[in-house]
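> Spelled out from the first residue to the last, the chains are:
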Amino acid sequence: MRPFGAIAAALLTASAVCAAEIPQADRRSGYSFMKADTKAMQDEDTANPGMLWVLDGEALWRRKLGASNKACADCHGDARTSMKGIAARYPAFDKATGRPVDLEQRINSCRSNHQQATPMPFESRELLALTAFVSRQSQGMPIETGADPQLAPFIARGGERYMQRQGQLNLACANCHDDNWDKKLAGSAITQGHPTGYPLYRLEWQSLGSLQRRLRACITGIRAQAYDYGAPELVELELYLMSRARGMAMEAPGVRP
Amino acid sequence: MARFGFRISAPILAGALLALPGGTAAQELRSYAVVGDAIPFSLTGAAGDAARGRALVVERSSTCILCHSGPFPEQKFQGDLAPDLSGSSSRASEGQLRLRLVDAPRLNAATIMPSYYRVDGLNRVGTLWRGKPILSAEQIEDIVAYLMTLRE
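Chains W and L, in that order, give the protein sequences.
If you count the first sequence from 1, position 98 lands on 98 in the numbering used here, and the numbers rise without skipping.
If you count the second sequence from 1, position 118 lands on 375 in the numbering used here, and the numbers rise without skipping.
Everything labelled a hint here was simulated from the structure, so no lab data went into it.
Keep in mind that this is a model prediction, so the values were computed, not measured.
Every residue gets a Cβ at the ideal spot worked out from N, C-alpha and C, and that includes glycine.
Treat each hint with caution, since some may be false.
[What the hints assert, rightly or not] Straight-line Cα separation of at most 25 Å, PhoX-like style, residue types lysine-lysine; simulated pairs:
id : chain 1 : residue 1 : chain 2 : residue 2
1  : W       : Lys39     : W       : Lys183
2  : W       : Lys84     : W       : Lys64
3  : W       : Lys39     : L       : Lys333
4  : W       : Lys95     : W       : Lys84
5  : W       : Lys184    : W       : Lys70
6  : W       : Lys95     : W       : Lys70
7  : W       : Lys35     : L       : Lys333
8  : W       : Lys39     : W       : Lys84
9  : W       : Lys184    : L       : Lys333
10 : W       : Lys183    : L       : Lys333
11 : W       : Lys39     : W       : Lys184
12 : W       : Lys70     : W       : Lys84
[As the list claims (entries may be wrong)] A short list of chain W residues far from chain L (calculated; beta carbon distances all over 10 Å):
id : residue
13 : Gln24
14 : Arg63
15 : Met83
16 : Arg89
17 : Thr97
18 : Arg106
19 : Thr118
20 : Glu123
21 : Lys183
22 : Gly187
23 : Trp205
24 : Ser207
25 : Pro232
26 : Arg246
27 : Gly247
28 : Pro257
Model the full structure from these sequences, guided by the hints.
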């Protein structure tokens, strides 16, 4: 019989040792891997399909709803000032649950608790629109996620998961996005996995989508069991990736192939 | 290290323990013998079909060309994460190619090449794929037969 345990342990050690973190100076947004025409689509508001969601989000921001008959704007005022820099700090620590929450979850908890309205489903047009509108207010600002020391254990767990091989293809995120980001997977740039532009418009999706959607697609790609939307494991991965991208500029709504 | 000795490997039938919907038992893996850095004998006892092997290699769901490139001019999208498959048989024997497909991490624990014929020692495999190897023994033999035709 083969020493399975020993092999598994060797794999884990090997992946942890080989996955060299990308030096600050070499960090690149997915944007820099794109062709000029896709870059132009992101750069120009009139060409960026993500702006349709931003505009919808702006209308939702002002719409009164729920048992309290309040709009986001009734408490938060003009998002251009009140939401400036907010998305650049998410996922953030939530005192009520003692855990990190991402921006979608924060918007939904505001909706349940303050508007007393039904939470929006993950990836629904409304939730994406509000998230895109709020995120847009941080465009160009440096990512600051992870500064709160209470987040440290959750960032560490996200990092462990990033290094953990999984699925039928037995790959860790780091095997591609740290070790092989300058290569191509079936003709597509691998990139470094910095979530600078979410929610973003993917040409492949023909839609705006969240970072959780992207992570679930990648996890299914290695033929592992995707975590459910909102699962703590996904939020910890988002948190790890955003804190790893600290200092990089927010691009939402981004455009990617 | 056992790696270089002659030993019989009996992959555990982890999948057999998981009752799948409909009562379908997971695929049983055939046992094979590793000699040095090779599996000298066919997993099925028969030679593979090189033409079927080529079709498998260029089929995206087999996953080969996600990472490898090769002499497939009709394939627009090929990966560059792993060696070009051109000249495979000038670099490795049939048995060496077979072990690299079956269980490459046995030769290099840090490799990103998955084990195409293994169901044990994996984490969080999705339900669609649980208890199943990436390729069947027949498919591996077909691919080995095709790679053996790539002399330069």
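> Hints first: check each against the structure and report whether it holds.
Against the structure, the hints:
Using a Cα cut-off of 25 Å, the hinted pair lysine 39 (chain W) and lysine 183 (chain W) holds, with the two alpha carbons roughly 20 Å apart. Our distance criterion of 25 Å between C-alpha atoms is met by lysine 84 (chain W) and lysine 64 (chain W), whose separation comes to about 22 Å. Simply put, lysine 39 (chain W) and lysine 333 (chain L) have alpha-carbon atoms about 23 Å apart, close enough for the 25 Å limit, and the pair holds. A threshold of 25 Å between alpha carbons decides the hint, and for lysine 95 (chain W) with lysine 84 (chain W) the separation of about 21 Å falls inside it, so the pair holds.
Restraint check for lysine 184 (chain W) and lysine 70 (chain W): the C-alpha separation of about 49 Å exceeds 25 Å, so the hint is violated. The suggested pairing of lysine 95 (chain W) with lysine 70 (chain W) holds, with an alpha-carbon distance near 23 Å, which does not exceed 25 Å. For a cut-off of 25 Å, the pair hint linking lysine 35 (chain W) to lysine 333 (chain L) stands: about 17 Å separates their Cα positions. For the hint pairing lysine 39 (chain W) with lysine 84 (chain W), the CA-to-CA distance comes to about 24 Å; that is within 25 Å, so the pair holds.
A threshold of 25 Å between alpha carbons decides the hint, and for lysine 184 (chain W) with lysine 333 (chain L) the separation of about 13 Å falls inside it, so the pair holds. Proximity of lysine 183 (chain W) to lysine 333 (chain L) is assessed by CA-CA distance (about 16 Å); at most 25 Å being required, the pair is judged to hold. In summary, the hint linking lysine 39 (chain W) to lysine 184 (chain W) is supported, as the alpha carbons are separated by about 19 Å, within the 25 Å threshold. For the hint pairing lysine 70 (chain W) with lysine 84 (chain W), the CA-to-CA distance comes to about 21 Å; that is within 25 Å, so the pair holds.
Here glutamine 24 (chain W) stays apart from chain L, with its beta-carbon at least about 25 Å from theirs, past the 10 Å limit. Every beta carbon of chain L lies more than 10 Å from that of arginine 63 (chain W), the smallest distance being close to 39 Å; the non-interface claim holds. Every CB of chain L is more than 10 Å from the CB of methionine 83 (chain W) (nearest about 36 Å), matching its label as outside the interface. Listed as outside the interface, arginine 89 (chain W) is consistent with that label: its C-beta sits roughly 30 Å from the nearest C-beta of chain L, beyond the 10 Å cut-off.
Every beta carbon of chain L lies more than 10 Å from that of threonine 97 (chain W), the smallest distance being close to 24 Å; the non-interface claim holds. Look at arginine 106 (chain W): its CB is around 28 Å from the nearest CB on chain L, clear of 10 Å, so calling it non-interface holds up. At roughly 30 Å from the closest C-beta of chain L, the C-beta of threonine 118 (chain W) stays outside 10 Å, upholding its exclusion from the interface. The beta carbon of glutamate 123 (chain W) is kept farther than 10 Å from every beta carbon of chain L, the shortest such distance being approximately 20 Å.
Remark: the non-interface label on lysine 183 (chain W) conflicts with the geometry, its nearest Cβ contact in chain L lying 5 Å away (cut-off 10 Å). Interface exclusion of glycine 187 (chain W) from chain L breaks down, the closest Cβ pair being 3 Å apart, not more than 10 Å. Separation of tryptophan 205 (chain W) from chain L is adequate, the least Cβ-Cβ distance of about 18 Å exceeding the 10 Å criterion. The Cβ of serine 207 (chain W) lies farther than 10 Å from every Cβ of chain L, with a closest approach of about 22 Å, so its non-interface assignment holds.
The non-interface label for proline 232 (chain W) is consistent with chain L: the shortest C-beta to C-beta separation is roughly 15 Å, beyond 10 Å. Listed as outside the interface, arginine 246 (chain W) is consistent with that label: its C-beta sits roughly 27 Å from the nearest C-beta of chain L, beyond the 10 Å cut-off. Every Cβ of chain L is farther than 10 Å from the Cβ of glycine 247 (chain W); the closest lies at roughly 28 Å, confirming the non-interface assignment. With a cut of 10 Å on Cβ distances, proline 257 (chain W) stays outside the contact zone with chain L, its closest approach being about 12 Å.
In summary, the numbered hints that this structure violates are 5, 21, 22.
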